[in-house]
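Protein chains: 2
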Amino acid sequence: MNKKELISSIHNVIENRSKKEIVKILHNTYPVDLKEAFEEMKPQEVFNFISLMPLKNSSELFGYLDEQMQLTILDFMDRTMIKELFEKMPSDERADLFNIMSETLQDRILPILTKAEQEDIIKLSSYEENVIGSIMTSNYATLKANMNALESISYLRKIAGDIESIYETFVINENRELVGSVSLKSLIMAEPDSLIEDFMRKNPISLKASDPVEFCVKVIQDYDLLIAPVVDENNILVGIITYDDVIDVAIEEAEEDFQKMSGTSVEVSKHGNTGVLTSIKDAAISTLYKKRIYWLVILVFGNIFSSAGIAYFEDTISAYIALVFFLPLLIGSGGNAGSQSATLTVRALATGDINLKDWAGMLGKELMIATLLGLTMAFAVSFVGIFRGGYEIALVVSLSMIFIVMFGSIVGMSLPFLLSKFKLDPASASSPLITSITDAVGVLIFFSIATSILDIPA
Amino acid sequence: MNKKELISSIHNVIENRSKKEIVKILHNTYPVDLKEAFEEMKPQEVFNFISLMPLKNSSELFGYLDEQMQLTILDFMDRTMIKELFEKMPSDERADLFNIMSETLQDRILPILTKAEQEDIIKLSSYEENVIGSIMTSNYATLKANMNALESISYLRKIAGDIESIYETFVINENRELVGSVSLKSLIMAEPDSLIEDFMRKNPISLKASDPVEFCVKVIQDYDLLIAPVVDENNILVGIITYDDVIDVAIEEAEEDFQKMSGTSVEVSKHGNTGVLTSIKDAAISTLYKKRIYWLVILVFGNIFSSAGIAYFEDTISAYIALVFFLPLLIGSGGNAGSQSATLTVRALATGDINLKDWAGMLGKELMIATLLGLTMAFAVSFVGIFRGGYEIALVVSLSMIFIVMFGSIVGMSLPFLLSKFKLDPASASSPLITSITDAVGVLIFFSIATSILDIPA
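Chains as they are written, first to last, in UniProt numbering: chain A, 1 to 458; chain B, 1 to 458.
Isolated chain A, as found in the complex:
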């Protein structure tokens, strides 16, 4: 069924108010396809369709909709519908929805929920954005170590409709401490009367609710987990994270770094990712303008340092205009080498390849690489130097190239560490920033070397 067919069968269902037909549509359509069809329908129609759906389906589907559409549809709902929806929604998505509501709406909804739901929402909403607690769900089942495989399977079968996943279940003791994990596969393969404690994985790997969201990506990837348990500081099980949350986090984190490093995101706090553009196609011109102008204007004023440097060496430049030929080349090379180092370092810090204590080691390595790069590029530029300015100028340009490339590389490598050290996001060491620093210092290096080697008339 393509989108057009889907929309027309949705219209049919709304007209005939046929609940039987709706179940058929839902069974063979993915939530994301429904969401895309909704985007081309009127809000009133979407609401009519959703209110005909079985609650089990509508509460699941609701989590797939964009925030704006969720709020619009909520507007059509009466108290009873909202209450039922909130009872059935997956707990992580329910907390997200609650978080985007106006305070007035929150105050109206909270009292109609049960005590347990209120507490769950408040608990999940209380986690700072961008810690694992804020994306975990509390819709999960737990098992006890003294249950047998058969009992466990029938228990899971009974509650499967209400929880996020039954494929990995966690085992807790009487204090709700995490003691083991059991996959549905191992439950199915086990003898029916064998005890969980005899075949569960003991001391499973777990995530802390207070850890930054990025942590879950590395753990789930390295350990090939489908679901990871989340515990508090006392090893009490408080939630789960599923692989699909992790795919979303991994992609969002990467986009965030791309945007920060190209100077298209102004967010500098370490775990703030609310500013990530998810679509440049849909983004308004004013949004894109605001995202980009910030760094660009800062860098205009940053570049005043380069101008001041050049002004200081006006006499040298007047005597040897040929030096100007090499200015873009030299400062550009420093910026390029610096951007390379910065990108490699930022990503290595983001993926956990290196951490703060590796700085000294990386500095030594970077120094060696930068020296090699500088020497190679000095050699390349010396020919251009001889051709355009003669031997003396070639010497000045080659020497400058070595020091500028080394300076750019070291700054590009060290700045992300420094930002990280001060709890800022290393990705703020954007290419534009590195380029501007290298420009200003490059000017000084170049004209200082020129002034000391060349014969400047007083």
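These aren't lab readings, by the way, just hints derived from the structure by calculation. Just so it is clear, the structure is predicted and the values come from calculations on it, not from any experiment. Worth double-checking, as some hints may not be accurate.
[Claimed, not checked] To spell it out: a stretch of chain A is covered by chain B in this simulated footprint if at least three of its residues, at any positions, have a beta carbon under 8 Å from a beta carbon of chain B; those stretches are:
1) 8 to 18
2) 22 to 33
3) 288 to 296
4) 307 to 313
5) 378 to 384
[Stated by the list, open to error] Some, not all, of what chain B presents toward chain A, calculated at C-beta under 8 Å:
6) K185
7) M189
8) D248
9) F258
10) I280
11) Y289
12) R292
13) Y294
14) I310
15) G332
16) I369
17) L372
18) V443
[Unchecked claim] Cross-link-like lysine-lysine pairs, in silico, DSBU-like; alpha carbons within 35 Å at most:
19) B/K19 - B/K35
20) B/K123 - A/K185
21) B/K208 - A/K218
22) A/K281 - B/K423
The beta carbon of each residue, even a glycine, is placed where N, CA and C say it ideally should be.
With chain A's structure known, arrange chain B on it following the hints.
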């Protein structure tokens, strides 16, 4: 158990040749932790330990090891061990291992395998690198539409040990065409005698074996799939892709784009990702040098165009040395605006937010944004211009700023489209490349405007 304890218990097992002890270790240790322990042990020890393991475990673990370690351990194995290992390994990892072997080794191993295994390896190895076929696995079970739930569960239970996952199983007809999918959850929740065809999802979403690997990320993410079926051009089921492969692909693709865009990767073919650095901590200095010097030297020669431009305007510069003050600022701003556009466009193309046919629409949008950016920056720079050079120079600098920022933005936005059009990777539109183009053209724009506005002595 930390790494040190793990290594010491591995040493114990090797000494006592205790198979019972080994099963206990394997049950409570994750493959990735064993792999890390192996990295600190001698190859002979690792081999001794692996040969004591039950085949089921060693064949699974083998896929987690690095290529180099796999080959080293293979060297210790006799024909029988290799044959057994190849029989039990997951099919995608077996094909990967086969691909990295020397031809001599391949020719020695192929004849000792069964006909079916030979064919499977050859089929999986025949897919081009970076299409979905090359990362899919053929270890999966299928069901028939006329089986009932109980039969299906006992069938899956029997073969669960040999296949990659039983959580989503695909239903095929007599021609092996994909007709449905069934989750283990729905099997467990269904009445034991209900038929698969009555509760399976009909026409499930599927991937094509010949599609690029990036495609699987978007499909698995949008549809929240655990496992996606892979079909050939006739809708015949040929393999499956699991969520963990997708997490790996998503992360590798993002790293590849980071490295290309900062000019630290020389690969330009669209789906080539063999050149991705996975760790800068472990990478040799010579590797990092080679990755980085390529673009840097190209750009040195690319910058000859900027130098030539400057040389052409030597008289203008001699007459107004103050123009030089603004040179780094103007060309830097163009490069910054261009890098921003390029990053946003490359990522939007990579994530499927936009595609080739959106170029005209994006161009219109970019023109508006670039005009706004240029005007704002011209305004900012006009103050610096008046202060450092007077009103005339300020006019020249402000006008140049508008055109240079517009030029940089349009090139940054269009180059990724152009590369994509010619089947090259859009990420090759790296910041260094954009910067160099903008430098050269920026010089021409700036000094042409200066020459036409200012009074140049003949």
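List in ascending order the numbers of the hints, as given earlier, that are violated by the structure. The structure conflicts with hints 1 and 13, although it agrees with all the remaining ones.
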